[in-house]
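Student: Residue strings, one per chain:
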Amino acid sequence: QVQLQQSGPGLVKPSQTLSLTCAISGDSISSKTAAWNWIRQSPSRGLEWLGRTYYRSKWFNDYAVSVKSRITINPDTSKNQFSLQLNSVTPEDTAVYYCARDRGVGSTLFDYWGQGTLVTVSS
Amino acid sequence: DIQMTQSPSSLSASVGDRVTITCQASQDISNFLNWYQQKPGRAPKLLVYDASSLETGVPSRFSGSGSGTDFTFTISSLQPEDIATYYCQQYDNLRVTFGPGTKVDIK
Chain A
1 QVQLQQSGPG LVKPSQTLSL TCAISGDSIS SKTAAWNWIR QSPSRGLEWL
51 GRTYYRSKWF NDYAVSVKSR ITINPDTSKN QFSLQLNSVT PEDTAVYYCA
101 RDRGVGSTLF DYWGQGTLVT VSS
Chain B
1 DIQMTQSPSS LSASVGDRVT ITCQASQDIS NFLNWYQQKP GRAPKLLVYD
51 ASSLETGVPS RFSGSGSGTD FTFTISSLQP EDIATYYCQQ YDNLRVTFGP
101 GTKVDIK
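Protein chains in written order, with the numbering used here: chain A, 1 to 123; chain B, 1 to 107.
Some clues are possibly wrong.
Just a sample of chain B residues kept apart from chain A, beta carbon distances all over 12 angstroms, derived [said to hold, decoys possible]: (1) M4; (2) N34; (3) Q38; (4) D50; (5) S60; (6) T72; (7) E81.
Dumping the calculated DSS-like pairs for lysine-lysine here, alpha-carbon to alpha-carbon at most 27 angstroms [to be verified]: (8) B:K107 / B:K39; (9) B:K45 / B:K107; (10) A:K13 / A:K68; (11) A:K58 / A:K68; (12) A:K32 / B:K107; (13) B:K45 / A:K79.
Hints in this document: simulated from the structure, not taken from any laboratory.
Heads up, the beta-carbon is just placed ideally off N, CA and C, and yes, glycines get one too.
Let's have the full structure, built from the sequences with the hints guiding it.
Tutor: Right, dumping it as structure tokens:
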């Protein structure tokens, strides 16, 4: 059974960096089929896919156009986890952030999710 | 970007009713369409993938159909535990987008 456990601060000041971590159990960050994603949800923007990291003989990242200039998703093979960094945050980045697995067979879908982290951007 | 619309935005139905939600894509997405259920305070849960395939462990009262631009999600007999918001999600060329959701409650 795959489990994703999120951690990170719930309050970030404007212009600073939002950082979250997602620890994986029951699967490997280096899986050659799965991809590891960050998705956020807010009343104004709904569910919004932010990006993913995945391993196919080397590491790849894909990011949503809306955050591409500010986002980094990194794998950590030593701890079997991956992280999200979102720079230069504004109150518009206030949302519940989820990590999620795409099992990588067929279309892109999200079959396991973290518990969600409410991140508020406020001074 | 492909835009997803869902209708209705909300509905009320009685226990045992058949409930139907539609999702429309702004362009052809073949069958790359998934459906999720989200209960308050919880992460979304995958119910149907590739338009019509039921995820393992999901009750058979849930089903999906469609291809191209028009898709349908059905609950054949609404149960009290089905109260939730339902989202469609598409994937096309590195872009993932979700529909705005349909909130389902009991009349």
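Student: Are all beta-carbon distances from B:T72 to chain A longer than 12 angstroms?
Tutor: holds (17 angstroms)
Student: Holds or violated: are the alpha carbons of A:K32 and B:K107 at most 27 angstroms from each other?
Tutor: Violated, because 46 angstroms separates the two Cα atoms, which is more than 27 angstroms.
Student: Given the hint that B:K45 pairs with A:K79, does the C-alpha gap stay at or below 27 angstroms?
Tutor: holds (26 angstroms)
Student: Given the proposed pairing of A:K58 with A:K68, does the C-alpha separation stay at or below 27 angstroms?
Tutor: holds (21 angstroms)
Student: Would B:M4 pass as off the interface with chain A, using Cβ distances and a cut of 12 angstroms?
Tutor: violated (10 angstroms)
Student: Is B:K107 close enough to B:K39, meaning Cα to Cα at most 27 angstroms?
Tutor: holds (17 angstroms)
Student: Would B:E81 pass as off the interface with chain A, using Cβ distances and a cut of 12 angstroms?
Tutor: The claim stands: B:E81 keeps its Cβ more than 12 angstroms from every Cβ of chain A (closest is about 19 angstroms).
Student: Compute the least Cβ-Cβ separation between B:S60 and chain A, then decide whether it is above 12 angstroms.
Tutor: Given a closest Cβ separation of 18 angstroms, the condition holds.
Student: Next pair to validate is B:K45 with B:K107; report whether the Cα-Cα distance is within 27 angstroms.
Tutor: holds (23 angstroms)
Student: Keeping to a limit of 27 angstroms between CA atoms, is the pair of A:K13 and A:K68 held or broken?
Tutor: holds (20 angstroms)
Student: Using Cβ atoms and 12 angstroms as the threshold, tell me whether B:D50 really stays out of contact range of chain A.
Tutor: violated (5 angstroms)
Student: At 12 angstroms, judged by beta carbons, does B:N34 keep clear of chain A as stated?
Tutor: The claim is violated: B:N34 sits with its nearest Cβ about 5 angstroms from chain A, within 12 angstroms.
Violation of the numbered hints given earlier is confined to hints 1, 2, 3, 4, 12; the remaining hints are satisfied by the structure.
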